[in-house]
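Fit chain A to the given chain V structure using the hints.
There are 2 protein chains.
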Amino acid sequence: MASIKPSVPKGTRDFSPVEMVKRNYIFDTIKSVFRKYGYQQIETPTMENLSTLTGKYGEEGDKLIFKILDSGEYFNSKSLESFFNELDKGLLELQDNTNFEVLDSMYNLISKYNSAETDAEKIAFHDDYEKNYKLIAPKNRLVAFNKLTNNISEKALRYDLTVPFARYVVQHQNEITFPFKRFQVQPVWRADRPQRGRYREFYQCDADVVGSDSLLNEAEFVLIYDEALGKLGLKDFTIKINNRKILSGIAELINKADNIIDLTVAIDKLDKIGLDGVTKELLDRGFTETDIEKIKPVILLQGTNAEKLQSLREALAESTTGLKGCDEIETVFTYLQSCPLQTATLELDITLARGLNYYTGAIFEVKTNEATMGSIGGGGRYDDLTGMFGLKGLTGVGISFGADRIYDVLEELNLFPTTANQTTRVLICNFDKEGETYGLPLLQQLRRQNVNAELYPAGAKIKKQLDYANNKNIPYTVVIGGDEIATGLLTFKDMSSGVQEKLTVAEIVDRMVG
Amino acid sequence: MASIKPSVPKGTRDFSPVEMVKRNYIFDTIKSVFRKYGYQQIETPTMENLSTLTGKYGEEGDKLIFKILDSGEYFNSKSLESFFNELDKGLLELQDNTNFEVLDSMYNLISKYNSAETDAEKIAFHDDYEKNYKLIAPKNRLVAFNKLTNNISEKALRYDLTVPFARYVVQHQNEITFPFKRFQVQPVWRADRPQRGRYREFYQCDADVVGSDSLLNEAEFVLIYDEALGKLGLKDFTIKINNRKILSGIAELINKADNIIDLTVAIDKLDKIGLDGVTKELLDRGFTETDIEKIKPVILLQGTNAEKLQSLREALAESTTGLKGCDEIETVFTYLQSCPLQTATLELDITLARGLNYYTGAIFEVKTNEATMGSIGGGGRYDDLTGMFGLKGLTGVGISFGADRIYDVLEELNLFPTTANQTTRVLICNFDKEGETYGLPLLQQLRRQNVNAELYPAGAKIKKQLDYANNKNIPYTVVIGGDEIATGLLTFKDMSSGVQEKLTVAEIVDRMVG
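As they're listed, the protein sequences go chains V and A. If you read the first sequence in the numbering used here, its first letter stands for residue 212, the second for the next number, and so on. If you read the second sequence in the numbering used here, its first letter stands for residue 212, the second for the next number, and so on.
What the hints contain is simulated information worked out from the structure, not anything from laboratory work. Treat the hints loosely; a few may be bogus.
One copy or two, it doesn't matter: identical chains are merged, so the pair holds either way.
With a cut-off of at most 27 Å between alpha-carbon atoms, the simulated BS3-like pairs for lysine-lysine come out as follows [said to hold, decoys possible]:
| # | residue 1 | residue 2 |
| --- | --- | --- |
| 1 | K507 | K221 |
| 2 | K446 | K483 |
| 3 | K442 | K242 |
| 4 | K672 | K603 |
Next up, chain V with everything else stripped away, as it sits in the complex:
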């Protein structure tokens, strides 16, 4: 073991002090804006019951849930016995032929074998047994594995923050004041194949309000994006907005309400593959040339948001749902006239679909125009979040910030502040025990004034101490040698400019506090 350098599981990361300062900067900024808008923080456990998570993310999502072994409970002989009983029970229940059913068959065989009267009977049982074995196919093993893991795992790591939030709302519905505006910043885990920019452990940063259908909430989420990303120093970014009801209206326009998914998946690609590409894809997905002619003007909508909205109203004049969508968008725009955006551009983009099955009203997505990067945020309204846990009729709307991507953008644009109060401001260096002792009261005075300060323990070479300051990005050092102690004037150095001055203890404290 000693010779193998330890590592972290693939897809997970350590965060160094330098990275933590930057990550905290992003999270603290976003949190402060959430709070300013009345959102309250909650935290939910890392582990949720498997029954809470399973079936909420589709078949593909379920496969990516990290399950936790019930190790603790099964590691004494009594509970171990119960584990094997469970396992046996699970095996007996299996109808498919599986690796584990072999074990089951074997149990049966043993018992039949024991009661067999003749050698011929014994062989007959065994031939039966082998016949079963040959039916075992790898695909059936999945069933066996699921059965097995369901018996040894009843908890899993949270896959997102939305389902735990829904569970929280239902569980605590009697303690909650609605509308409930909550934010949550915690890691989630997905057993995805790790690749550049995709991790198995990553933070989500969500705000949602449930129990209010006012479109003021939608408008405020636009403001939150504007304020938070503006505060982080982004100068050019676009908040795209759409509405599921407009997409429904477009599908109704060609009498294909049932094909809305196919429609939106295709037009969502307009940016990437252009109109010809979208046309081809729509034809492939069973839409007619006539359909495409009819919706083309809508897809190619031009002009200001107001102009687009006007054109949409005309195009969707016969769809009640479509017009409702236009009304909703317009209400959001009206709210935002009273509270104009500071930095962001707001763009009505009817090709925006995101997780369409999920959203029932507004749909949001945020993109920076200063760096090549996918969306750095998104969200929308959903009408039945808590229905999965039996609480019907609670409408909600929420947004999410893509913290890892925002980190990369700020890094690329050099937007992280150079001075942060999270790091040491001054290092007191010394040559010997006497210097160390002399430095202690200065150290205490600085800390009393809330200046982050360190004293390098006596006994190290001065070069090592200054290297320490440089490596830790400590902006100022104080050196205490024999001369300094004799005169009471300490050497105060600005590490970035290299300028040195002789200052008294009081002057140094003033300098650092001021």
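Relative to chain V, chain A alone:
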């Protein structure tokens, strides 16, 4: 599903908005003090490789590690195949007779059976097989289970922050500037039996420095406890300090250096069971009456810290190690004379042992004297933290804050601040759409001034809006009705006193900012 109220796994907790404000207050206070003393934050992944964690916490600890199923990797047919190959391999390796070895034997049997020439041969194989089966005993199943889970689990949830920190230091040793002062505040997981005050998921809050043997570090940890707990409002708490070398010296005093664990386990109980109890326990553990007579004066040490230290020096005069321990304690005391404690009492307590196997120098423990509560913090020096990962000779010292217990103490003593900037300060209420529209500019002005503010969406009864403010502990409300709009004088209400005033928008902004 719909009818069953969802819940969290046992031993885990949701944290409500009110709890989060209090928890953040504790963590932010402690973090700010860590930073003031030059400690830098890191974070490590929730999941560590099983090989990183296993064998570091003793047999009992290992059982409490939550293992994670390799679900993601095994849920496609190819990887599922490889899972079963691994499983088969694991089974073949089993030497004990287990439930799973039956499966293994069966595989062998099948193959032998297939190549058998006569019926007699077939039966012979099968009889062999059954003989094996009869040897299966429940206790052997544990081995099988371990084998099995090692094949389907290669990751586990972090059990503490210390081992991941050691792993971090070794993995990143070339990027780290030593001495490395790091702090870490993250949850850990233990499959303990949940009970009052003991959770399966809880936060640890640690600071450690590695790569410096200066006792200034020990002195600074005492200062950190003093400052952080003082800042949290505790007024009477004791930081106990001891040194492993003093305990070694006491054991040497009676020529029982090898029995140091037995010795310290017994005298550690002095507080609880008194001298008679300790005497009985020492006798039970094989110490003689003579031994006990000899160490009694040391156990019953009285007086100031200086007096105790003097008595110890006399008692341990013949133990080099013991005297070294006294020197170390004295050095810490000397440092602290230059930087006197503000709130805490420092007490030399030679009965303090904690995780003795672990510590090699100073040992710390903190207790509040204002509430009945176990230790709210502890730590010490360890000389070979990173040795477990092959990096020898790095000495370290660290402390931990017991956040959950501190929470309970602050709650009991009513020490949480009533005003926190984490919550909404003012709610703007209205009767209708017109009031809502009128309120929007006020809302924006307040937020521009960094006042956390909300506007209740139009359409709700005023009583509901005021209840919302009360339930969310919002201290001020503004009510906008027809009169208010006509006169420009809005109703501003202090929710705790009930006092109402008529103020202009500008006056309200001033009031909230001032």
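Checked hints:
For a Cα distance limit of 27 Å, the shortest separation of K507 from K221 qualifies neither inside one copy, at 45 Å, nor across copies, at 55 Å. Only within a single protomer do K446 and K483 lie at most 27 Å apart by alpha-carbon distance; the minimum there is 24 Å, versus 64 Å between protomers. In this assembly of identical chains, the alpha carbons of K442 and K242 lie at most 27 Å apart whether taken from the same copy (12 Å) or from different copies (24 Å). For the identical chains of this complex, K672 and K603 are inter-copy neighbours only, at 23 Å across copies versus 69 Å inside a copy, given an alpha-carbon limit of 27 Å.
Violated hint: 1 only; the structure is consistent with all others.
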